[in-house]
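Spelled out, the chains give:
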Amino acid sequence: MNYETPCVESVIETFSSMCGVEPEQIGEAEELETPQTFKTDEFLGIIGLSGHKKGDIMMTMPSQVAMKMVGSFLMDEITEINSDLLDGFGEIINIIAGAFSGKLQGVSFELALPTVMAGELQIHIRESVNCLAIPMRFAEWGDFKVLLMLEE
Amino acid sequence: MKILLVDDSATMRKIQKRLLAQIGVEDILEANNGKEAITELENCNYKVDLVLCDMNMPEMNGIETLTAIKATHKEVPVVMCTSVAEKSAVMEAIKLGASNYLVKPFAQDAFIAKIKAVLGS
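Chain order of the listed sequences is B and G.
The first sequence begins at 13 in this note's numbering and counts up by one.
The second sequence begins at 861 in this note's numbering and counts up by one.
By construction, these hints were calculated from the structure, which means they are not laboratory data.
One thing to keep in mind: the hints can contain errors.
Heads up, simulated EDC-like pairs for lysine to aspartate or glutamate below, C-alpha to C-alpha not over 16 Å straight-line [unchecked claim]: (1) G:Lys947 to G:Glu935; (2) G:Lys874 to B:Asp96; (3) G:Lys895 to G:Glu919; (4) G:Lys877 to B:Asp96; (5) B:Lys51 to B:Glu132; (6) G:Lys874 to B:Glu132; (7) G:Lys930 to G:Glu886; (8) B:Lys65 to B:Glu132; (9) G:Lys934 to G:Glu902; (10) B:Lys157 to B:Glu21; (11) G:Lys947 to B:Glu122; (12) G:Lys877 to B:Asp88; (13) G:Lys874 to B:Glu89.
Excised from the complex, chain B in its bound form (with noise of 0.2 Å):
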């Protein structure tokens, strides 16, 4: 099953209708070697799937994108890391993820409730999960990543 296509989809979408941008795919998608530990941006928005497969959706970008990403979203300008800013990013990896799964012909996908993290961290991804990297630019604000991870 190909599971790229619609993931960039619901991201494209999900920021055309919710924050009047459309986010651009700017290089294949990388499939990583696992187990590796990744590296993340200053942000980093994580939601798990469950049903079809086990898996995360999980979205990455420095903080000053993030700060415009949801400003945007939010109709408001956000200049400095706070509640606004964490809780706008859950819910944009939520209604991505949503639209994800509901792009997939015959499975469908529970989703758990996101987390948001600030800081650069170090996300360890186990051998027996698909990991799939996908770059992403907004052209206005600068880059960031799609990570779909989902257990073999």
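Guided by the hints, dock chain G onto chain B, whose structure is given.
Quick look at chain G alone, frame taken from chain B:
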């Protein structure tokens, strides 16, 4: 016109408040979860014209919240706010008496049009 927003995301409530302000709805109650929503409805001394309720919430999910609201405030229209992934939950919500549903991600125009349609204006 009074609307109760039920969503564990303060951000989503803020967005909805701003969109509702565009159509002149300024009298808005907020609840962080289903339990708070029930308390708000029981304690308020005035008519709530619409409840906008998220589906994916901790403690009481949207379906549980809708069921509790309809048990005591059957006349209040409830619009469920859901993600595309929750199709079966949407069908269940309609059976339980939800008036309509909004699918996230939603465009601002679509949000306003649906709320206007439910409010009949």
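Quick rundown of the hints versus the structure:
Using a Cα cut-off of 16 Å, the hinted pair lysine 947 (chain G) and glutamate 935 (chain G) is violated, with the two alpha carbons roughly 24 Å apart. For the suggested pair lysine 874 (chain G) and aspartate 96 (chain B), the alpha carbons sit about 9 Å apart, so the restraint of at most 16 Å is met. Taken as a hint, the lysine 895 (chain G) and glutamate 919 (chain G) pair is honoured in the structure, with Cα atoms around 8 Å apart against an allowance of 16 Å. Among the hinted pairs, lysine 877 (chain G) with aspartate 96 (chain B) is consistent with the structure: their alpha-carbon atoms are about 14 Å apart, no more than 16 Å.
For a cut-off of 16 Å, the pair hint linking lysine 51 (chain B) to glutamate 132 (chain B) stands: about 7 Å separates their Cα positions. At most 16 Å may separate the alpha-carbon atoms for a hinted pair to count; lysine 874 (chain G) and glutamate 132 (chain B) exceed this at roughly 28 Å. Between lysine 930 (chain G) and glutamate 886 (chain G) the CA atoms are separated by roughly 24 Å; this puts the pair beyond 16 Å, and the hint is violated. Our distance criterion of 16 Å between C-alpha atoms is broken by lysine 65 (chain B) and glutamate 132 (chain B), whose separation comes to about 28 Å.
Proximity of lysine 934 (chain G) to glutamate 902 (chain G) is assessed by CA-CA distance (about 13 Å); at most 16 Å being required, the pair is judged to hold. A C-alpha spacing of about 14 Å is found between lysine 157 (chain B) and glutamate 21 (chain B), which places the hinted pair at or below 16 Å, so the restraint holds. Taken as a hint, the lysine 947 (chain G) and glutamate 122 (chain B) pair is honoured in the structure, with Cα atoms around 11 Å apart against an allowance of 16 Å. Restraint check for lysine 877 (chain G) and aspartate 88 (chain B): satisfied, since their Cα atoms lie roughly 13 Å apart, inside the 16 Å limit.
The hinted pair formed by lysine 874 (chain G) and glutamate 89 (chain B) meets the criterion: a straight-line CA distance of about 13 Å does not exceed 16 Å.
The structure fails hints 1, 6, 7 and 8 (numbered hints given earlier, in ascending order).
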